[in-house]
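> Since the structure of chain A is already known, use the hints to place chain B on it.
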Amino acid sequence: MATRLKEVDAVMVGMGWTGAIMARELTKAGLNVVGLERGQDRNPKEEFGLTTLRDELRYVTRLELMQDNSIDTITFRNERPETALPIRRFGAFLPGEGVGGTGIHWGALHWRFLPTDFRIRSTLAEKYGAKAIPDDMTIQDWPVSYDEIEPFYDRFDKLCGVSGQAGNLKGNIIPGGNPFEGPRSDHYPNKPVKTGLGPSIFGEAAKSLGYHPFPLPVATASAPYVNPEGLTLGACQYCGHCNRTACEANAKASPNITVMPVLRAEPKFELRTRAFVSRLIYDKAARKVTGVVYTDMRSGEEFEQPAGIVVLSSYVFGNTQQLLLAGIGEPYDPATGKGVVGKNYGYQFEAGGEAFFEDKWMNPFIGAPGMSVALDDFNGENFDHAGLGFFGGGYIACSNGGAPPIGGRAVPHGTPRWGSEWKRATAKWYHHATRFNTQGSVYANAKNFMDLDPTYKDALGRPLVRLTYNGTDNDHKMSRYLVGKLKGVIKAMNPTHYEVHQRPKNFTIVPYQSTHNTGGTMMGADPKASVLNRYLQSWDAHNLFVLGASVFPQQHGYNPTGTVGALAYWSAQAITTQYLKSPGPLVQA
Amino acid sequence: MADETLPRRKFLLGAGLAGVAAGLTGGSPAPAEAQTPPAAKPPTNTEPETLLTLTATEAAFMSAMADTIIPADELSPSGTDCGVVAFIDRQLAGAYGAGAKMYRSGPYQRGKPEQGYQLALTPRDYFAAGIAATNDWSRKTYGKDFDRLSVADRATALKAMEEGKAQFEHFSATGFFNRVLAIVMEGFFSDPMYGGNRNKVAWQMLGFPGLPATYADKVDAYRNKRYVAPPRSIADFS
Numbered sequence: 274m275a276t277r278l279k280e281v282d283a284v285m286v287g288m289g290w291t292g293a294i295m296a297r298e299l300t301k302a303g304l305n306v307v308g309l310e311r312g313q314d315r316n317p318k319e320e321f322g323l324t325t326l327r328d329e330l331r332y333v334t335r336l337e338l339m340q341d342n343s344i345d346t347i348t349f350r351n352e353r354p355e356t357a358l359p360i361r362r363f364g365a366f367l368p369g370e371g372v373g374g375t376g377i378h379w380g381a382l383h384w385r386f387l388p389t390d391f392r393i394r395s396t397l398a399e400k401y402g403a404k405a406i407p408d409d410m411t412i413q414d415w416p417v418s419y420d421e422i423e424p425f426y427d428r429f430d431k432l433c434g435v436s437g438q439a440g441n442l443k444g445n446i447i448p449g450g451n452p453f454e455g456p457r458s459d460h461y462p463n464k465p466v467k468t469g470l471g472p473s474i475f476g477e478a479a480k481s482l483g484y485h486p487f488p489l490p491v492a493t494a495s496a497p498y499v500n501p502e503g504l505t506l507g508a509c510q511y512c513g514h515c516n517r518t519a520c521e522a523n524a525k526a527s528p529n530i531t532v533m534p535v536l537r538a539e540p541k542f543e544l545r546t547r548a549f550v551s552r553l554i555y556d557k558a559a560r561k562v563t564g565v566v567y568t569d570m571r572s573g574e575e576f577e578q579p580a581g582i583v584v585l586s587s588y589v590f591g592n593t594q595q596l597l598l599a600g601i602g603e604p605y606d607p608a609t610g611k612g613v614v615g616k617n618y619g620y621q622f623e624a625g626g627e628a629f630f631e632d633k634w635m636n637p638f639i640g641a642p643g644m645s646v647a648l649d650d651f652n653g654e655n656f657d658h659a660g661l662g663f664f665g666g667g668y669i670a671c672s673n674g675g676a677p678p679i680g681g682r683a684v685p686h687g688t689p690r691w692g693s694e695w696k697r698a699t700a701k702w703y704h705h706a707t708r709f710n711t712q713g714s715v716y717a718n719a720k721n722f723m724d725l726d727p728t729y730k731d732a733l734g735r736p737l738v739r740l741t742y743n744g745t746d747n748d749h750k751m752s753r754y755l756v757g758k759l760k761g762v763i764k765a766m767n768p769t770h771y772e773v774h775q776r777p778k779n780f781t782i783v784p785y786q787s788t789h790n791t792g793g794t795m796m797g798a799d800p801k802a803s804v805l806n807r808y809l810q811s812w813d814a815h816n817l818f819v820l821g822a823s824v825f826p827q828q829h830g831y832n833p834t835g836t837v838g839a840l841a842y843w844s845a846q847a848i849t850t851q852y853l854k855s856p857g858p859l860v861q862a
Numbered sequence: 002m003a004d005e006t007l008p009r010r011k012f013l014l015g016a017g018l019a020g021v022a023a024g025l026t027g028g029s030p031a032p033a034e035a036q037t038p039p040a041a042k043p044p045t046n047t048e049p050e051t052l053l054t055l056t057a058t059e060a061a062f063m064s065a066m067a068d069t070i071i072p073a074d075e076l077s078p079s080g081t082d083c084g085v086v087a088f089i090d091r092q093l094a095g096a097y098g099a100g101a102k103m104y105r106s107g108p109y110q111r112g113k114p115e116q117g118y119q120l121a122l123t124p125r126d127y128f129a130a131g132i133a134a135t136n137d138w139s140r141k142t143y144g145k146d147f148d149r150l151s152v153a154d155r156a157t158a159l160k161a162m163e164e165g166k167a168q169f170e171h172f173s174a175t176g177f178f179n180r181v182l183a184i185v186m187e188g189f190f191s192d193p194m195y196g197g198n199r200n201k202v203a204w205q206m207l208g209f210p211g212l213p214a215t216y217a218d219k220v221d222a223y224r225n226k227r228y229v230a231p232p233r234s235i236a237d238f239s
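Chain order of the listed sequences is A and B. Under the numbering used here, residues 274 to 862 are what the first sequence spells out, in order. Under the numbering used here, residues 2 to 239 are what the second sequence spells out, in order.
Note that these hints are calculated values from the structure, not bench results. For each residue, glycine too, the CB sits at the ideal point set by N, CA and C. Heads up, a few of these hints could be off.
As the list claims (entries may be wrong) - Quick look at which bits of chain A chain B covers, simulated, 3 or more residues with Cβ under 8 Å:
#1 361 to 367
#2 466 to 480
#3 631 to 637
#4 698 to 709
#5 774 to 784
Claimed, not checked - In silico DSS-like links for lysine-lysine, alpha-carbon gap of 27 Å or less:
#6 B:K226 to A:K464
#7 A:K301 to A:K431
#8 B:K113 to A:K730
#9 A:K400 to A:K720
#10 A:K633 to B:K219
#11 B:K113 to A:K778
#12 A:K480 to B:K226
#13 A:K720 to A:K750
#14 A:K541 to A:K318
#15 A:K464 to B:K219
#16 A:K701 to B:K226
#17 B:K226 to A:K633
#18 A:K557 to A:K279
#19 A:K464 to A:K431
#20 A:K633 to A:K480
#21 A:K778 to B:K166
#22 A:K764 to B:K226
Bound-form chain A, shown alone (with noise of 0.2 Å):
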């Protein structure tokens, strides 16, 4: 039996960017605020230092930072008729644990979805006709446009510090920025981070060819900055170490320096770690949620903490799965199409390559991901699709990353991977290759989807998410593109070897990809078709917000940080502003 706690205003279900930032503008709004966090606390002054940091096997072969799944992971299959089978490591995507979440070992690349993303169903109907989306793309508008988020954008900007080049500001286009951007309400905060020689290259080719190529932004201060929370950024170091690792420069914006300090200075605001939240408690006929029943993972004991307001703020699995555990909203079913809930996974189309330069020196172990440079050319409804055969696209980039030395490591293809020869060209090419990636959306289709596993379950008991999930044609068309227009360029910079690297034809767990996994809770203008409302309010229960990426229709041709955290804070406005006044739906359906 719970024990029950006394009630507060609001509870956070997990601590990443989504659960500070929301807790910050509630408790700034008066409310008492409680932080659950299953994972440990992650204090920047004990952990993220030297020189810790710089052990490339403990944090990015061995995965320290990420999700324990001896506790819980999700079952995964392609496709509906197979067995989905327990992820037992995670290897394609990473989500992390703990205070701060994925939030600190991300790269940081901090991107924009286009005005057009915004309303890609309307846009596409419109350009090409309804008839030409496949009636399997199950892609909706979003029920936000890009002008009513840009000041949470810019906001979300100013509290990462990001490093970028502007190139709309309030529709004037300025050279060296992003043309195709959406507009901008103010410049980026920081100055772009420096570019690697190998990007460099990319960039003049990319020139060369007509296109439109900048320095990709990247929530990495290139100098110290002082966020508008008061707290302090350090400048980049360019050091190699920032996957999946910590920044011991605190230049690379995480929730833990960005807005955890002011939080652990607010007496409004209680953080409980290890606190692993089993269920909502879900009040049907009131459509409420009530509180939450978490397991405190150092005693065993549990409690319920009741609350008038709930936040889902964990990843996008765990979303998913609190709402299909409680049964809010309907459960999305492939069979006949209905529901919503599990609805519109979606996930980071990539493929890249590489190129080496013989006569080029790139000390690949100076980096920052943030050292890249990146065209926007095909990414969106940035390009026409008439005749192309498929829909999406996604940025092209050449990045300086960093090379440490277990995983990054380059030989041009058919070069052994083991004796001497492989010495031979591991130490020649290490210091001549430059790395590219192409970051494709993937569309929503009806047969890729969350629900519950019928067999594996989680250290709580409860049953894991299961991930039906496989590249669809629209999406494999859209990505050979991309390479292709990618290999144009490596071709421009004259390299002395290059390959590029299509993707399989199945979906599969291993190796590393994208943590860009996204939908589940999909908000959007129909009850019928979505989870939550355009504030990130469940349409069953009023009082219960979701954010993060859980909440996308699908995933755009960008990294998904950035939207993520412009609609914490858009979701926190209308709490405070709207929903405070007077507690109910902020939608009528």
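Below, chain B without anything else, positioned relative to chain A:
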């Protein structure tokens, strides 16, 4: 004869711990001559290695594997001399070997390759099973265990595993090859504090400077110029 030039239990007889000792007790940066990768020098310390979990047979197997994957040449000493077997032994004896952070509930069943690893075996058990399966196959094919094969036969055997031409009984030879290759590379290239990469030989081979890796002033200064620094490891700063 192969058996004489590659004594079966050579590893146990003292492959040398000089690099590890230097790494663990260091504090002084590596010498300046590291700036130009020196000719590979075998360690001289002959203290016997103490194994945490590998059996003598397993250690001999891993030693043969490490030396086939990373042969001694002008770029580095052999895998064993670089500490790769010590690394593997420690990894398999610790949390990783015990299956830390792995979901280990059943039912277990054979999945598609797309579904990833689906065995109940911990990494420690998996390597034990793989070593036994490889030696069974090696005995059938060559009449002796893998570590007793000549250098040429080891390479041929490894290639057969890599290319899927070696058929093990109830065990994926290619899958095992990939796991062996991965853990040998981890040992060769990880920070020396884990037991491999003795004297930072792998980092010297690559030209990887190691710590502290604060390069804000180097990005422009070394644009298209090789940046060379003697590699330094975590122990050098501890």
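> None of the hints should be skipped; say for each whether it holds.
Against the structure, the hints:
Counting residues of the region 361 to 367 of chain A whose beta carbon lies closer than 8 Å to any beta carbon of chain B gives 3, which meets the minimum of three for the stated coverage. By the rule of at least three residues with a Cβ nearer than 8 Å to a Cβ of chain B, the coverage given for the region 466 to 480 of chain A holds, with 3 such residues. Counting residues of the region 631 to 637 of chain A whose CB lies closer than 8 Å to any CB of chain B gives 3, which reaches the minimum of 3, so the coverage claim holds. Beta-carbon proximity to chain B at under 8 Å applies to 4 residues in the region 698 to 709 of chain A; the threshold of 3 is reached and the given coverage holds.
Counting residues of the region 774 to 784 of chain A whose beta carbon lies closer than 8 Å to any beta carbon of chain B gives 5, which reaches the threshold of three, so the coverage claim holds. As the CA atoms of B:K226 and A:K464 are separated by approximately 25 Å, the hinted pair is consistent with the 27 Å bound. In summary, the hint linking A:K301 to A:K431 is supported, as the alpha carbons are separated by about 18 Å, within the 27 Å threshold. With a CA separation close to 20 Å, the supplied pair B:K113 and A:K730 stays within the 27 Å bound.
Our distance criterion of 27 Å between C-alpha atoms is met by A:K400 and A:K720, whose separation comes to about 26 Å. Under the criterion of a C-alpha separation no larger than 27 Å, the hint pairing A:K633 with B:K219 is consistent with the structure, at around 16 Å. Among the hinted pairs, B:K113 with A:K778 is consistent with the structure: their alpha-carbon atoms are about 13 Å apart, no more than 27 Å. Distance hint between A:K480 and B:K226 is fulfilled; the C-alpha atoms sit about 24 Å from each other, no more than 27 Å.
Among the hinted pairs, A:K720 with A:K750 is consistent with the structure: their alpha-carbon atoms are about 17 Å apart, no more than 27 Å. In summary, the hint linking A:K541 to A:K318 is supported, as the alpha carbons are separated by about 23 Å, within the 27 Å threshold. Of the pairs offered as hints, the one joining A:K464 and B:K219 holds, with about 18 Å between alpha carbons and a cut-off of 27 Å not exceeded. A hinted pair counts as satisfied when its Cα atoms are at most 27 Å apart, and A:K701 with B:K226 qualifies at roughly 15 Å.
In summary, the hint linking B:K226 to A:K633 is supported, as the alpha carbons are separated by about 8 Å, within the 27 Å threshold. Taken as a hint, the A:K557 and A:K279 pair is honoured in the structure, with Cα atoms around 22 Å apart against an allowance of 27 Å. For the given pair, A:K464 sits about 12 Å from A:K431 by alpha-carbon distance, which is consistent with the 27 Å threshold. About 20 Å separates the Cα atoms of A:K633 and A:K480, which keeps this hinted pair within 27 Å; it holds.
Distance check on the hinted pair: A:K778 and B:K166 sit about 24 Å apart at the alpha-carbon level, within 27 Å; holds. About 23 Å separates the Cα atoms of A:K764 and B:K226, which keeps this hinted pair within 27 Å; it holds.
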